[in-house]
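There are 2 protein chains.
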Amino acid sequence: MSLIVQKFGGSSVADTERLFNVADIVTSTYAAGNDVVVVVSAQGDTTDDLIEKAKEINPNPSKREMDVLLANGEQISISLLAMAIEKLGYPVISLTGWQAGIHTGMNYGAARIKKIETERLKLEISKRRIIIVAGFQGINKFEDITTLGRGGSDTTAVALAAALGADLCQIYTDVDGVYTADPRKIPTARKLDEITYDEMLELASLGAQVLHNRSVEMGKRFNVDMEVISSFTRNPGTKIKEAHKVEKMNVSGVARDMDIAQISLVNMADAPGIAYKVFSTLANKGVNVDIILQSTGRNDAKDIAFTVPSASLELAKKVLEDNKENIGFESISVREDLCKLSIVGAGMVNNPGVAAMMFEALSAANVNIDMISTSEIKVSVLIKKEESERAMRAVHDKFF
Amino acid sequence: MSLIVQKFGGSSVADTERLFNVADIVTSTYAAGNDVVVVVSAQGDTTDDLIEKAKEINPNPSKREMDVLLANGEQISISLLAMAIEKLGYPVISLTGWQAGIHTGMNYGAARIKKIETERLKLEISKRRIIIVAGFQGINKFEDITTLGRGGSDTTAVALAAALGADLCQIYTDVDGVYTADPRKIPTARKLDEITYDEMLELASLGAQVLHNRSVEMGKRFNVDMEVISSFTRNPGTKIKEAHKVEKMNVSGVARDMDIAQISLVNMADAPGIAYKVFSTLANKGVNVDIILQSTGRNDAKDIAFTVPSASLELAKKVLEDNKENIGFESISVREDLCKLSIVGAGMVNNPGVAAMMFEALSAANVNIDMISTSEIKVSVLIKKEESERAMRAVHDKFF
Numbered sequence: 058m059s060l061i062v063q064k065f066g067g068s069s070v071a072d073t074e075r076l077f078n079v080a081d082i083v084t085s086t087y088a089a090g091n092d093v094v095v096v097v098s099a100q101g102d103t104t105d106d107l108i109e110k111a112k113e114i115n116p117n118p119s120k121r122e123m124d125v126l127l128a129n130g131e132q133i134s135i136s137l138l139a140m141a142i143e144k145l146g147y148p149v150i151s152l153t154g155w156q157a158g159i160h161t162g163m164n165y166g167a168a169r170i171k172k173i174e175t176e177r178l179k180l181e182i183s184k185r186r187i188i189i190v191a192g193f194q195g196i197n198k199f200e201d202i203t204t205l206g207r208g209g210s211d212t213t214a215v216a217l218a219a220a221l222g223a224d225l226c227q228i229y230t231d232v233d234g235v236y237t238a239d240p241r242k243i244p245t246a247r248k249l250d251e252i253t254y255d256e257m258l259e260l261a262s263l264g265a266q267v268l269h270n271r272s273v274e275m276g277k278r279f280n281v282d283m284e285v286i287s288s289f290t291r292n293p294g295t296k297i298k299e300a301h302k303v304e305k306m307n308v309s310g311v312a313r314d315m316d317i318a319q320i321s322l323v324n325m326a327d328a329p330g331i332a333y334k335v336f337s338t339l340a341n342k343g344v345n346v347d348i349i350l351q352s353t354g355r356n357d358a359k360d361i362a363f364t365v366p367s368a369s370l371e372l373a374k375k376v377l378e379d380n381k382e383n384i385g386f387e388s389i390s391v392r393e394d395l396c397k398l399s400i401v402g403a404g405m406v407n408n409p410g411v412a413a414m415m416f417e418a419l420s421a422a423n424v425n426i427d428m429i430s431t432s433e434i435k436v437s438v439l440i441k442k443e444e445s446e447r448a449m450r451a452v453h454d455k456f457f
Numbered sequence: 058m059s060l061i062v063q064k065f066g067g068s069s070v071a072d073t074e075r076l077f078n079v080a081d082i083v084t085s086t087y088a089a090g091n092d093v094v095v096v097v098s099a100q101g102d103t104t105d106d107l108i109e110k111a112k113e114i115n116p117n118p119s120k121r122e123m124d125v126l127l128a129n130g131e132q133i134s135i136s137l138l139a140m141a142i143e144k145l146g147y148p149v150i151s152l153t154g155w156q157a158g159i160h161t162g163m164n165y166g167a168a169r170i171k172k173i174e175t176e177r178l179k180l181e182i183s184k185r186r187i188i189i190v191a192g193f194q195g196i197n198k199f200e201d202i203t204t205l206g207r208g209g210s211d212t213t214a215v216a217l218a219a220a221l222g223a224d225l226c227q228i229y230t231d232v233d234g235v236y237t238a239d240p241r242k243i244p245t246a247r248k249l250d251e252i253t254y255d256e257m258l259e260l261a262s263l264g265a266q267v268l269h270n271r272s273v274e275m276g277k278r279f280n281v282d283m284e285v286i287s288s289f290t291r292n293p294g295t296k297i298k299e300a301h302k303v304e305k306m307n308v309s310g311v312a313r314d315m316d317i318a319q320i321s322l323v324n325m326a327d328a329p330g331i332a333y334k335v336f337s338t339l340a341n342k343g344v345n346v347d348i349i350l351q352s353t354g355r356n357d358a359k360d361i362a363f364t365v366p367s368a369s370l371e372l373a374k375k376v377l378e379d380n381k382e383n384i385g386f387e388s389i390s391v392r393e394d395l396c397k398l399s400i401v402g403a404g405m406v407n408n409p410g411v412a413a414m415m416f417e418a419l420s421a422a423n424v425n426i427d428m429i430s431t432s433e434i435k436v437s438v439l440i441k442k443e444e445s446e447r448a449m450r451a452v453h454d455k456f457f
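From first to last, the protein sequence lines stand for chains A and B. So the first sequence is residues 58 to 457, counted in the working numbering. So the second sequence is residues 58 to 457, counted in the working numbering.
One or more hints might be untrue.
The list treats identical chains as one, so a pair stands whether inside a single copy or across any two.
Pairs of lysine-lysine, DSSO-like flavour, derived with a Cα cap of 27 Å [claimed, not checked]:
| hint | residue 1 | residue 2 |
| --- | --- | --- |
| 1 | Lys120 | Lys184 |
| 2 | Lys442 | Lys455 |
| 3 | Lys144 | Lys381 |
| 4 | Lys110 | Lys455 |
Please keep in mind that the hints were generated in silico from the structure rather than gathered at the bench. No experiment lies behind these values; they were computed from the predicted model shown.
In isolation and in its complexed conformation, chain A is listed as follows:
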């Protein structure tokens, strides 16, 4: 008998039919002899509807009251799913975030889970009840309701699995696992049976929108075996595990991120600490910087180029212009026609030829590389957006 945590997102519980599909998955798992703790998000558009309602009254409400409002979305889901499971004749109980003992920090709207008091959860498990927990929410030290922000329900599920020592944390989604590439773009993409936390983290941040990074980071920290699995097909999904439990592949996936922009600072004074000035200034304003390339320009001056998420481009430009004199550069140039193509694989570190294979594939496909960045388990290149589909196919065919 295992203890299994199962998480279902908003689209999986959007209407009565889907709620019963979820109830069926949950009760099948339970009937097989497992203890089951379920985490659910708000139904379909509920959260957006509540936000709209609030904005009509106050375009700038306090985050505390917004959290009181939004927490209803999940509290509605848990009771409805519990009712569906009751209908199927199984013992079940729903718990809100605070009832499930989920304590968070003070940051309304984006709170972090601090600890989970498992007393109530363990009591209900000992009664062999299926437990339905509201994702995305908790309480802070004032007993005020908080929400966890983006990816919150995934995080709730992994945190509960860690706190309860669960054998597996299944994240049900509308895709049936993690693929070697986006299957909508690359028809030959194939599903991975398993992948390491680090590979998953790289793939997630590279635009494979399956799991939120926060939940994978937590899974890695607490050694929670995870599985990304479809609530529609009922096929096995992709397991996410510690590196030593996974049979390492040289390359486990190819990912593309279209939402980036490249910023170049032209003719910077060639003084020590100049890179520090640029990137600490941006970091202080919350701009995440990715691939960085530093080169020598004319007259011994330097150019520095780097990428930022498209959504941060305007902010980054403003921050740099405001600090132009302090940093010391001649002009800013921006390119929005580039995207990032990456290969990820935990086996890469022992296989120096992998990067070369990627460049070879790109060269053969006549794709020009603008910038290159490598880490132990990843090689990323900046290429033109218009060439990226061809490039992705070429790289994928090379490795798989």
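Assemble chain B onto chain A, guided by the hints.
Just chain B now, with coordinates in the frame of chain A:
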């Protein structure tokens, strides 16, 4: 400076415009120097919508899960009202039932308030914050969410006023007070400035649908000064107080209850304890019996006639038929063409002529009386529904 509890029902907070009307009343009270604790119900049809959603999934859900679901209605209201008050620039905080320390018994769907832990409430009052509390809900000893059933938000308001020692508990509704008769039926009806708890209880149970009896009973028990007042007109309402604080009127109101049925048990054996048998049998099945008339029929047998709420008629008939032999009667006859007309007044007890005045008025209006029942502060008669409008007008004109 006073502490005032203000309660607003679902229609008072149904949309953005009305929420701001409520916010205006609340902040005006606060700005005048008072501490204000506000209790709100779910917006408009929210509760019905949630019930419908549940029934679609499970026509017979557990009461516990139903309470988890329904509590969202009030939790949505409190946050939206808090946001409206924030918009007006006042300090405000919303609290759910459990955050406000409202502890109830175990009876899901119709729980009774057991105690209120006022620590959090007093802390927020000391910070001069307007507090918005979710009506209709609390938690039981397992920390599970409960709802209070019909009239729940009124009860929450009075219970909070009692626990906090509030100076006044204002119940805002869509009528502007308690009238000597239903003003839609009797144009000459006039608003009462004040009334005793007992008078209010009689009027409420007699069909003057202003306040739920539970809240008035609680007000009486804990000596909470109450006021029924309109959230639309901004006129003074009707104060409900202890008898010694109220200038006693002979008759303070005329009320009519159309939703009753009369049941007669014909030819009962004239044995001791027969009335006990009838009414304990009905009480055991939850049938409330009102006016009772016992008379001697043919052959020394008795007839017993009594009234029940129309909604309980079928149940009452079934219970009586099932126990026909045990109780011992020949047949049941039912009349649904009767209604109950009552006059209520705390001064009546010292004024034996009041009942006679009522009968005189009815006689002059040519209204036939079927049954009569009197108490210290009330005289009720059963009359034909079709004659009741005329009768009500005649009685009202006699006294006012």
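Verification of the hints:
no. : hint            : verdict
1   : Lys120 / Lys184 : between (37 Å within a copy, 19 Å between copies)
2   : Lys442 / Lys455 : within (20 Å within a copy, 90 Å between copies)
3   : Lys144 / Lys381 : neither (65 Å within a copy, 38 Å between copies)
4   : Lys110 / Lys455 : neither (51 Å within a copy, 52 Å between copies)
Taken one by one, the earlier hints fail for this structure at numbers 3, 4, listed in ascending order.
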